[in-house]
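Chemist: For reference, the chains in residue letters:
Protein chains: 2
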Amino acid sequence: MRVDVVAVGTELLLGQIVDTNSAWIGEHLAAHGFDSLSQVKVGDNLKRVETAFRRTLADADAVIVCGGLGPTHDDLTRDAIAAVMGAELRLDASVAQRIREMFRSRGRHMPENNLRQAMVPVGATVIPQTRGTAPGLICPVSVDGANKVLYAVPGVPHEMKEMLERAVLPDLHARSGDSAVILNRIMRTWGESESGLNERLDGIIGELEVLGNPTLAFLASGWDGLKVRLTAKAPTAQAATALLDEWAGRVEAIVGQQVFGYDDDTMESVVLQLLRERGLTLGLAESVTGGLVSARLTGIAGASDVLRGSIVSYASDVKFDLLEVTEGPVVSEAAAAEMAIGVRHVLGSDVGLALTGVAGPTEQDGMPVGTLCIGLAFGDAVRTTTLRVPGQREQMRQFSVITALDFLRRTILTSES
Amino acid sequence: MRVDVVAVGTELLLGQIVDTNSAWIGEHLAAHGFDSLSQVKVGDNLKRVETAFRRTLADADAVIVCGGLGPTHDDLTRDAIAAVMGAELRLDASVAQRIREMFRSRGRHMPENNLRQAMVPVGATVIPQTRGTAPGLICPVSVDGANKVLYAVPGVPHEMKEMLERAVLPDLHARSGDSAVILNRIMRTWGESESGLNERLDGIIGELEVLGNPTLAFLASGWDGLKVRLTAKAPTAQAATALLDEWAGRVEAIVGQQVFGYDDDTMESVVLQLLRERGLTLGLAESVTGGLVSARLTGIAGASDVLRGSIVSYASDVKFDLLEVTEGPVVSEAAAAEMAIGVRHVLGSDVGLALTGVAGPTEQDGMPVGTLCIGLAFGDAVRTTTLRVPGQREQMRQFSVITALDFLRRTILTSES
Numbered sequence: 001m002r003v004d005v006v007a008v009g010t011e012l013l014l015g016q017i018v019d020t021n022s023a024w025i026g027e028h029l030a031a032h033g034f035d036s037l038s039q040v041k042v043g044d045n046l047k048r049v050e051t052a053f054r055r056t057l058a059d060a061d062a063v064i065v066c067g068g069l070g071p072t073h074d075d076l077t078r079d080a081i082a083a084v085m086g087a088e089l090r091l092d093a094s095v096a097q098r099i100r101e102m103f104r105s106r107g108r109h110m111p112e113n114n115l116r117q118a119m120v121p122v123g124a125t126v127i128p129q130t131r132g133t134a135p136g137l138i139c140p141v142s143v144d145g146a147n148k149v150l151y152a153v154p155g156v157p158h159e160m161k162e163m164l165e166r167a168v169l170p171d172l173h174a175r176s177g178d179s180a181v182i183l184n185r186i187m188r189t190w191g192e193s194e195s196g197l198n199e200r201l202d203g204i205i206g207e208l209e210v211l212g213n214p215t216l217a218f219l220a221s222g223w224d225g226l227k228v229r230l231t232a233k234a235p236t237a238q239a240a241t242a243l244l245d246e247w248a249g250r251v252e253a254i255v256g257q258q259v260f261g262y263d264d265d266t267m268e269s270v271v272l273q274l275l276r277e278r279g280l281t282l283g284l285a286e287s288v289t290g291g292l293v294s295a296r297l298t299g300i301a302g303a304s305d306v307l308r309g310s311i312v313s314y315a316s317d318v319k320f321d322l323l324e325v326t327e328g329p330v331v332s333e334a335a336a337a338e339m340a341i342g343v344r345h346v347l348g349s350d351v352g353l354a355l356t357g358v359a360g361p362t363e364q365d366g367m368p369v370g371t372l373c374i375g376l377a378f379g380d381a382v383r384t385t386t387l388r389v390p391g392q393r394e395q396m397r398q399f400s401v402i403t404a405l406d407f408l409r410r411t412i413l414t415s416e417s
Numbered sequence: 001m002r003v004d005v006v007a008v009g010t011e012l013l014l015g016q017i018v019d020t021n022s023a024w025i026g027e028h029l030a031a032h033g034f035d036s037l038s039q040v041k042v043g044d045n046l047k048r049v050e051t052a053f054r055r056t057l058a059d060a061d062a063v064i065v066c067g068g069l070g071p072t073h074d075d076l077t078r079d080a081i082a083a084v085m086g087a088e089l090r091l092d093a094s095v096a097q098r099i100r101e102m103f104r105s106r107g108r109h110m111p112e113n114n115l116r117q118a119m120v121p122v123g124a125t126v127i128p129q130t131r132g133t134a135p136g137l138i139c140p141v142s143v144d145g146a147n148k149v150l151y152a153v154p155g156v157p158h159e160m161k162e163m164l165e166r167a168v169l170p171d172l173h174a175r176s177g178d179s180a181v182i183l184n185r186i187m188r189t190w191g192e193s194e195s196g197l198n199e200r201l202d203g204i205i206g207e208l209e210v211l212g213n214p215t216l217a218f219l220a221s222g223w224d225g226l227k228v229r230l231t232a233k234a235p236t237a238q239a240a241t242a243l244l245d246e247w248a249g250r251v252e253a254i255v256g257q258q259v260f261g262y263d264d265d266t267m268e269s270v271v272l273q274l275l276r277e278r279g280l281t282l283g284l285a286e287s288v289t290g291g292l293v294s295a296r297l298t299g300i301a302g303a304s305d306v307l308r309g310s311i312v313s314y315a316s317d318v319k320f321d322l323l324e325v326t327e328g329p330v331v332s333e334a335a336a337a338e339m340a341i342g343v344r345h346v347l348g349s350d351v352g353l354a355l356t357g358v359a360g361p362t363e364q365d366g367m368p369v370g371t372l373c374i375g376l377a378f379g380d381a382v383r384t385t386t387l388r389v390p391g392q393r394e395q396m397r398q399f400s401v402i403t404a405l406d407f408l409r410r411t412i413l414t415s416e417s
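Sequence order for the protein chains is A and B.
For the first sequence, the numbering used here gives the first residue as 1, with consecutive numbering after it.
For the second sequence, the numbering used here gives the first residue as 1, with consecutive numbering after it.
Check the hints yourself; a few may be wrong.
Copies of one chain are not kept apart here, so a pair can be met inside one copy or by any two copies together.
To be verified - Each computed EDC-like pair below joins lysine to aspartate or glutamate, with the alpha-carbon atoms no more than 20 Å apart:
(1) Lys233 <-> Asp79
(2) Lys47 <-> Asp59
(3) Lys148 <-> Glu112
(4) Lys227 <-> Glu11
(5) Lys47 <-> Glu11
(6) Lys47 <-> Asp35
(7) Lys161 <-> Glu324
(8) Lys161 <-> Glu394
(9) Lys47 <-> Asp380
(10) Lys233 <-> Asp171
(11) Lys148 <-> Glu88
(12) Lys47 <-> Glu327
(13) Lys233 <-> Glu11
(14) Lys227 <-> Asp264
(15) Lys47 <-> Asp321
(16) Lys47 <-> Glu324
In case anyone wonders, no lab produced these hints; they're calculated from the structure.
Model the full structure from these sequences, guided by the hints.
Modeler: In structure tokens form, the structure reads like this:
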């Protein structure tokens, strides 16, 4: 089943907002076994929105439209749908009631134009809003005798996502006449390139290509690691889960410790959880990353029970004076080791993790751009390593974050095996 | 002149990569006075790519195509263009020579399929590559007797941007028959909402709407601030610059210190430069932001001559022990003040900037989510302030970064006026 996407909004064409919605929708359509072969952005102009809907409906079996459902005169998705359906717009009393209540419950006056959001093309079904004030719409459209469907969802990403998962994807499955359950499992990996992983999983990939179910896909996600996604289709959720368990087990048997987590896990959440389970606290000493390791860890609510803090020792003499690093070149494993020991002492943490390196644009201490030295004071030992990290300044720094956290993760796991 | 965009790549439809290119192109087309009314993503399928090119060329005067210029069998942009032009592809000897030299200069073997990148449709003009191996193409196309043009540029963002500015935009100006110079000036602001700024600039906006030149646009850029863009059109660059100077001056006379920089300035670069010019070093004490202030400042090459470091005192007793904050509630102006003084002492910096607050998801010390207390030890004085910052955890933290840096910026400027 082909499901194309139209994103509506002049701000998208002007680059004031990057359209991330259609990429998210495309990823989820693929994970549910639907094809998305064309995705279009169009501005807030009734004629052009209507044309975009007609063309997309001509090519695809279903169309998902994001945006243009707001209350202002620029929000034209409803009008364009009515034109395409050849139906008139009517006020839906229950939607209007819900919008009024939402304003009342927040103690705010409702501008009358908000009732535009309660206008529904005759023949369309409302997807009730649970956030925001704009409901979604499921609109059956006949195109040259073929029964097709157009879904309208809000452009606000979290409203769009919620409505897609709650209503649009289930409706697509129902229409596709396929009662099978499709489930995904994402294995998050770090430490090997896509081609390297591809080579190691060559046998499994070959078997799956013959079987056709589950399917395996690689999703490169930059400094969030490389995802391996298994998608299984089965008559029941139980059967799909069993398939996923079996093949995920086989993938892991080959890829091993490169799998650091599943689905919504991140390297940060995994490392925090590993430390938390062992009752260990962490202190960071950052130079090349300038606080990024700490910033990414504290992006997770609840980090405070593990992370005591970070000393960003950007100036060399802060390393010497505060962390008691021996004076000398600061991009070295020796300096990284002393930083890790020093920060454990200064912050009173169980574990000390230190990063020093060269983000560029120029070399430092005779070490080339991309050099990363990691020091880890863990238990009675201090471990160090030196790597070459790819990329320009920002990319090099972000790769350094996940590389250092992965070094800590593997050390914890190895120390117990 | 209408210039639409086609982004080519299955990975864009699958959401493995978000198409940021077309947004960037849309922003720059608008800044150069061109309309972009539709932007399409299409996968690596020859028939569909060709159809996308034909449809877009039917609607627009010119089309910019990103991606699909690589060396593999999946890279089909050249073939689709040849089909649309009704021309054959021929090896361009000078492009082939340049590709061979690029490999040789890197001491690498050139896989033969790289010569696919030297195939040029007869009638097209090559945009020489300066980065990467893929050249761009300028392809005249006749559509129903109308002379139109299709530009092909690589999908790698920095290669695309360089080629667009060097070759595509100048060529569009030449074709538009408009020899006028269009120049932009972006004023970066912080501290007021779009509607607030709109209200204060109401008079100027009214005048400009009558004049039609320069034009003024607001570009909301989240935690990078709100941009005010002036676009001036004149017979010469000198005259356009004079127009920009005049109107930027009038905007600034009203908006004043809310303008923190111009064009590519960021709050981080501006604050670093202000401190650098005064020979002042900076030390940070971060709690709520967890290292983000430091991470953003060190994202700028050369930050090391100003920033001595940051103490991320995530655990309360790190604040008490290391920064010598008085034991008690840590989300308070008193704590922020002591953190600022403490970090100046510990890191030996001229200026101490401290942030403490509540990022959520739950309140802390009886203070609600969104509370931000800033402390600034500057010269002989310690200044503090408390604000309510909007947004969920990540947004709240990022807004806190720019808010605190702006507090430092204004303090420096005010102390001298």
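Chemist: Broken hints, numbered, in rising order?
Modeler: Violated: hints 1, 3, 7, 9, 12, 13, 15 and 16.
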